[in-house]
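Okay, here's what each chain looks like letter by letter:
2 protein chains.
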Amino acid sequence: MTAVDVPELVAQAREGRPRAVARLISLVEGASPQLREVMAALAPLTGNAYVVGLTGSPGVGKSTSTSALVSAYRKAGKRVGVLAVDPSSPFSGGALLGDRVRMSDHASDPGVYIRSMATRGHLGGLAWAAPQAIRVLDAAGCEVVLVETVGVGQSEVEIAAQADTSVVLLAPGMGDGIQAAKAGILEIGDVYVVNKADRDGADATARELNHMLGLGESRGPGDWRPPIIKTVAARAQGIDEVVEALEKHRAWMDERGVLAERRTARAAREVETIAVTSLRTRMADLHGDSRLEALAARVAAGELDPYAAADVLLDSLTEA
Amino acid sequence: MTAVDVPELVAQAREGRPRAVARLISLVEGASPQLREVMAALAPLTGNAYVVGLTGSPGVGKSTSTSALVSAYRKAGKRVGVLAVDPSSPFSGGALLGDRVRMSDHASDPGVYIRSMATRGHLGGLAWAAPQAIRVLDAAGCEVVLVETVGVGQSEVEIAAQADTSVVLLAPGMGDGIQAAKAGILEIGDVYVVNKADRDGADATARELNHMLGLGESRGPGDWRPPIIKTVAARAQGIDEVVEALEKHRAWMDERGVLAERRTARAAREVETIAVTSLRTRMADLHGDSRLEALAARVAAGELDPYAAADVLLDSLTEA
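The listed protein sequences derive, respectively, from chains A and B.
Mapped onto numbering that gives the first Met the number 0, the consecutive letters of the first sequence carry residue numbers 0 to 319.
Mapped onto numbering that gives the first Met the number 0, the consecutive letters of the second sequence carry residue numbers 0 to 319.
Since the hints were derived computationally from the structure, they do not count as laboratory data.
We put the beta carbon where it would ideally sit given N, CA and C, even for glycine.
Check before you lean on any hint, since a few could be wrong.
[Claimed, not checked] Counterexamples of contact, computed for chain B against chain A with all Cβ distances above 12 Å:
{"#": "1", "residue": "15"}
{"#": "2", "residue": "172"}
{"#": "3", "residue": "199"}
{"#": "4", "residue": "216"}
[To be verified] Which stretches of chain A does chain B cover? Using the computed rule of at least three CB atoms under 8 Å from a CB of chain B, they are:
{"#": "5", "stretch": "13–27"}
{"#": "6", "stretch": "288–299"}
Generate coordinates for the entire structure from the input sequences, incorporating the hints supplied.
Written as structure tokens, this is what we have:
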């Protein structure tokens with residue numbers, strides 16, 4: 000593999016050239032040897048994108064809603080990035096939902112960059128790759144980055160929770176209330192959307208949600224009260240209200256320093272994940288040179304307990 | 000908390016006293032200060048239990064099958080441990096399925112030890128706690144340890160995959176074939192069970208499974224060919240065949256050194272997980288003393304890239 004001219008690639012991405020953006024994301028996803036060079040080049044260009052997470056069970060209309068939000072932001076003249084995160088089988092490594100082409104409405108718009116992403120193996124997986132891809136979109140000049148995740152697995156929920164603003168989507172008549180509560184996604188919303196609101200049961204879903212979230216209870220004067228917005232994303236109904244709610248939440252966070260706090264927390268998670276991934280890589284290297292295997296054989300034989308073995312392992316890693 | 004007399008507790012557990020076993024599992028689950036002492040005391044007593052993982056989607060009859068297997072092994076005079084692993088919400092920390100009392104048939108049998116376990120927070124979670132609990136049951140003299148997991152989350156599948164022998168359960172008419180394939184659990188079976196075989200569609204499910212697994216294809220002469228066994232666990236039908244298949248698989252592994260390989264691989268994963276957990280704990284400590292937060296703030300501000308920050312973090316951890 001020939002070395003990439005990173006500064007040139009970054010300059011092209013800044014100009015909005017989709018192939019340069021794609022190449023950069025592939026570089027950060029694939030943990031290329033130039034990953035560090037890419038990340039160092041991107042760092043000073045980041046921190047400008049407003050990152051919005053959208054999550055919800057399959058069938059609530061996430062892609063349609065994301066597409067409608069893209070249209071609304073494009074109308075306002077903003078450059079938009081979309082990161083669509085698919086869960087994948089823990090063993091096959093293949094994408095569960097496939098890499099279907101999404102949101103073809105925007106495929107030819109140079110102001111929109113859409114990327115689909117699946118879990119990449121075990122070394123940190125999505126928790127590791129998604130923030131890096133967001134970083135690329137941010138550095139490439141996207142003013143809004145929409146991160147669409149299926150609210151099923153823990154890592155997908157965590158990715159959504161790490162956005163500047165988290166949108167939780169539901170739809171009437173899917174038993175979503177209880178399902179969402181089980182999956183823990185109800186607890187992360189800054190804005191709630193009941194999509195497909197032209198169907199029976201939309202008001203009941205909104206009421207149930209209002210009740211479960213305790214939105215009727217009184218809050219402190221400066222507290223954020225998550226709104227519940229009814230939409231029909233397929234006809235763009237209610238989408239302007241969602242954008243308005245997002246802007247309100249952003250302004251509220253800005254005023255109170257919450258935005259900076261959230262971004263610092265997100266960066267802390269990112270740094271932690273990279274550190275752990277780096278340690279895992281070093282351990283995999285040790286597995287290759289059979290030191291880990293030798294320790295493990297002694298543990299399996301009962302000669303050593305696993306904690307003592309982990310100590311030896313950590314010592315040998317930090318020597319390196 | 001008063002210090003526990005670990006050698007005394009281990010001696011009592013060896014005698015099969017259930018309260019001592021329970022206490023030891025609580026100690027290793029809860030990461031008590033005496034964890035290392037407990038693990039060191041247990042190590043020389045381990046390596047004798049035959050660990051069988053049972054996994055499958057909700058509703059296939061895992062608990063009933065586990066209970067029937069316990070009866071069969073008890074009839075053969077063996078001491079049996081059962082570890083029932085429940086997934087839990089990523090955010091609430093509460094158990095999804097609750098800590099319901101299972102398998103009350105065996106509740107009064109001193110030769111059976113049953114433990115239910117939920118995810119314990121983020122620090123390694125099940126991947127960390129389950130092997131430790133298996134270790135306790137092994138050291139306590141259980142000759143067979145049945146680990147029952149819901150084949151839904153990635154960590155549950157991994158736990159099942161790390162057993163000496165993995166049993167994958169299905170039931171007719173649940174669309175299980177495709178569901179299981181998605182979840183990746185189909186790829187881990189050494190023995191397949193189609194439970195509720197008195198229902199319509201059992202033969203079709205077995206055929207579909209046979210086809211998906213390519214069991215009709217020719218294999219090498221020494222290769223293991225996973226059997227597909229039809230059972231009605233609620234009436235103990237087919238359970239003797241399952242036990243026979245388990246014993247055959249165990250003998251096959253023993254002959255070829257596969258058992259030792261699997262146990263070494265399991266120990267390697269365990270040691271790795273403990274090392275990573277230990278690193279995460281140290282990082283959480285750094286978060287407390289605000290060093291991580293200071294780094295993260297610089298990353299959020301674009302002054303530092305996350306890889307450079309992770310390097311600084313790792314350096315400060317290894318100094319400690």
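Next item on the list: Kindly indicate which numbered hints from before are broken by the structure, ordering the numbers from low to high.
Entry: 5
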